[in-house]
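Enquirer: Given next are the chains, with one letter for each unit.
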Amino acid sequence: MKKTTKAAMAASITGVLALTGCSTSGGGDDAGTTVGVNAFSVMEAANEPVFDDFEGTDAGAGVRFQTSYGASGDQSRAVVAGADADVVHYSLETDVTRLVGEGLVAEDWKDNDTSGIATSSVVVFVVRKGNPDGIETWDDVVEPGVEIITPNPGSSGSARWNILAAWAHITGNGGSDEEARAFITSLLTNTIALPGSGREATTAFTDGSGDVLLSYENEAILAKQSGADIDYVVPPDTLLIENPATVTVDANDTAKAFLAFMTSPEAQADYAQSGFRPVIDGVEIDDVAGANDPADPFPTPQVLFTIDDTFNGWAEAADLYFGDGEGDNPLGIITELQQTTGQVGEE
Amino acid sequence: MTSALIGANVAVGPASSDGRRPRRVRRTTPHSTLTRGAGLGLGVAMIWFSLLVLIPLTAVIAAAGQGGWSGYVDVLRNDQTWAAVRLTVSQALLVTLVNVGVGSVIAWVLVRDNFWGKRLLDVIIDVPFALPTIVAGLVLLSLYGPNSPLGLHWAFTPNAVTLALAFVTLPFVVRTVQPVLEELDADVEEAAASLGASRLTILRRIIVPSLAPAIAAGAALSFARAISEYGSLVLLSGNRPFQTEVVSVRVLTFIENGNNQSAAALASIMLVVALVVIVALDLVQRRVARRG
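Each protein sequence line maps, in turn, to chains B and V.
For the first sequence, position 148 (counting from the first letter as 1) is numbered 148 according to the numbering used here, and the numbering increases by one without interruption.
For the second sequence, position 152 (counting from the first letter as 1) is numbered 152 according to the numbering used here, and the numbering increases by one without interruption.
The hints are simulated quantities; they were obtained by calculation from the structure and are not laboratory data.
All C-beta atoms in this analysis are idealised placements derived from N, C-alpha and C, irrespective of residue type, glycine included.
Heads up, a few of these hints could be off.
Okay, the calculated bits of chain B under chain V, using three or more residues with CB under 8 Å as the criterion [claimed, not checked]:
#: 1; segment: 151 to 160
#: 2; segment: 182 to 195
#: 3; segment: 206 to 212
#: 4; segment: 312 to 324
Short, incomplete list of chain V residues facing chain B, as computed with Cβ under 8 Å [to be verified]:
#: 5; residue: D79
#: 6; residue: W82
#: 7; residue: A130
#: 8; residue: P146
#: 9; residue: L235
#: 10; residue: R240
#: 11; residue: T253
Please construct the entire structure, taking both the sequences and the accompanying hints into account.
Expert: Here you go:
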């Protein structure tokens with residue numbers, strides 16, 4: 001049922017796009033030196049030095065990159081609808097899974113040294129300069145009166161990392177599901193805005209709204225690099241954000257070489273400069289501007305939860321927590337809590 | 001964009017200002033009198049219209065219809081969605097009403113009065129059209145957010161939705177009324193005045209009926225634009241379920257969950273709402289125009 005719906009929708013979209021699409025599709029394989037990179041927005045700046053370094057390698061000599069950046073979910077849906085892509089790099093595994101379901105990415109895409117992950121970060125608290133409210137832990141965030149901004153987990157896939165980090169704070173530390181529900185309820189009660197994306201949430205926060213912004217470490221570092229007057233706190237227990245990358249089934253060898261290069265020490269050092277935690281060991285990291293301590297930019301939290309260990313992977317977590325309850329979809333726990341806290345707030 | 005809009009309305013202007021538009025429309029419909037050139041024009045218009053509007057709309061409705069009626073019912077039975085629909089439609093209606101009043105006044109001032117800076121104001125009216133909506137949201141956030149220099153803390157409240165919608169829909173009524181008002185002959189008003197009609201009677205019996213089609217067209221545009229607005233709201237309203245979440249954000253949530261059918265169902269429901277309002281506006285407009 002769901003699959004036919006998807007197919008019909010995709011067919012109608014491609015049908016509409018077919019006329020304009022002719023000019024851009026095709027042309028991928030014949031050159032052999034053009035690599036189409038389809039990635040989530042933040043990678044636009046982060047990829048530049050990686051592209052430069054790749055061009056310096058044997059495999060990457062004379063390569064031309066055709067890039068496309070945007071919201072992770074939109075990018076993935078565009079590829080399903082026929083957008084040309086060799087290397088895909090998304091903020092959330094479910095966006096790659098969507099391509100696997102359409103036969104655009106091989107089933108075994110996670111079979112490599114990093115389990116398909118190309119960049120990583122952690123969920124952090126962005127606070128006002130000097131941390132006037134003394135926000136250090138998750139419990140400080142849900143104190144009554146603290147105003148929270150976090151991107152909308154409904155419309156932004158990557159925002160889901162933040163909410164799951166809060167959930168993991170309870171269940172990962174031995175709490176029950178009931179306690180986690182209560183915790184998320186107080187978190188949502190304190191939430192004053194759910195902007196559409198991580199960047200919009202940062203904009204709303206730097207513009208003066210809210211006491212704490214739930215965000216990603218790389219986003220916080222980037223904001224500080226661009227001069228935002230903020231600080232950020234890595235909580236003692238937080239969730240590891242893992243951004244998957246892979247190649248599409250008809251990608252050329254250069255694209256495959258680039259995918260491998262993305263997880264090389266050289267590329268990981270480049271990504272670190274943009275605030276991403278390396279996904280492999282033994283990466284030489286220069287001082288990272290914008291980090292709390294540029295010389296030790298990525299301090300290890302006391303407890304680091306992962307989506308696989310704490311939540312049994314995205315395949316299970318996506319529906320269990322964020323399902324919208326429409327049609328055949330189950331009603332996710334977070335969706336349900338959002339509805340109940342929203343209604344209470346209305347009265 | 002502006003010139004196109006004005007151009008289109010100048011063409012409509014004389015037909016509507018004489019107050020006999022309905023009859024004229026009816027006269028052309030019964031039998032075809034198309035010349036070869038007109039046939040070509042109609043063909044081009046229909047092909048273009050089909051590619052851009054009819055086929056995509058049909059695709060949306062077809063996708064929505066896959067779940068049958070139950071798909072629509074399920075979508076609307078969700079409290080959160082229903083709250084978003086209520087907020088969006090009520091705010092769009094409110095903003096449209098405001099635009100009918102304020103937009104007509106602005107158009108009047110721009111056409112009938114002479115004052116310093118008139119030309120500049122005339123140009124600036126269109127800026128909300130040209131500004132990317134996300135930038136509009138950003139500007140409004142800095143003006144009405146926590147650091148508001150005006151002391152209005154409207155960000156993340158339903159007022160923010162009103163504000164953003166009013167901003168992006170401002171030009172519609174102004175730009176549809178303005179050219180009609182320019183074409184409106186002052187002689188008629190003077191004649192009415194010389195026959196003893198008061199200012200109010202002239203306004204009620206001559207000016208408003210002549211402007212009604214243009215005001216209705218502008219109102220329809222601004223309502224349609226308001227119920228579909230996304231960019232300027234996503235930053236400013238806070239998107240809180242049941243409080244400031246609008247339909248377009250709900251639709252995006254459905255899409256993010258891979259639930260294209262519900263997204264299409266909700267979108268087609270909004271299309272019906274738009275259609276109902278546009279038809280209602282047309283009926284009102286005909287009524288008012290006939291009274292003149």
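Enquirer: Give a verdict on every hint.
Expert: How the hints compare with the structure:
1. Only residues whose beta carbon comes within less than 8 Å of a beta carbon in chain V count, and the segment 151 to 160 of chain B has 5; three or more means the coverage holds.
2. Coverage of the segment 182 to 195 of chain B by chain V holds. Counting CB-CB distances below 8 Å, 5 residues qualify, and the rule asks for three or more.
3. Against chain V, the segment 206 to 212 of chain B contributes 3 residues with a C-beta closer than 8 Å to a partner C-beta. That satisfies the three-residue criterion, and the hint holds.
4. Check on the segment 312 to 324 of chain B: 3 of its residues sit with their Cβ under 8 Å from a Cβ of chain V, so the three-residue criterion for coverage holds.
5. At a threshold of 8 Å, the smallest CB-CB gap from D79(V) to chain B is about 6 Å, leaving the interface hint in force.
6. Because the smallest distance between the Cβ of W82(V) and any Cβ of chain B comes to about 11 Å, over 8 Å, the interface hint for this residue is violated.
7. At about 21 Å, the closest approach between the beta carbon of A130(V) and any beta carbon in chain B exceeds 8 Å, and the interface hint on this residue is violated.
8. For P146(V), the suggested interface contact is upheld, since its CB lies about 4 Å from the closest CB of chain B, less than 8 Å.
9. Taken as an interface hint, L235(V) checks out: its beta carbon lies about 5 Å from the nearest beta carbon of chain B, inside 8 Å.
10. Taking 8 Å as the C-beta contact cut-off toward chain B, the hint placing R240(V) at the interface holds, the least distance being around 6 Å.
11. For T253(V), the suggested interface contact is upheld, since its CB lies about 3 Å from the closest CB of chain B, less than 8 Å.
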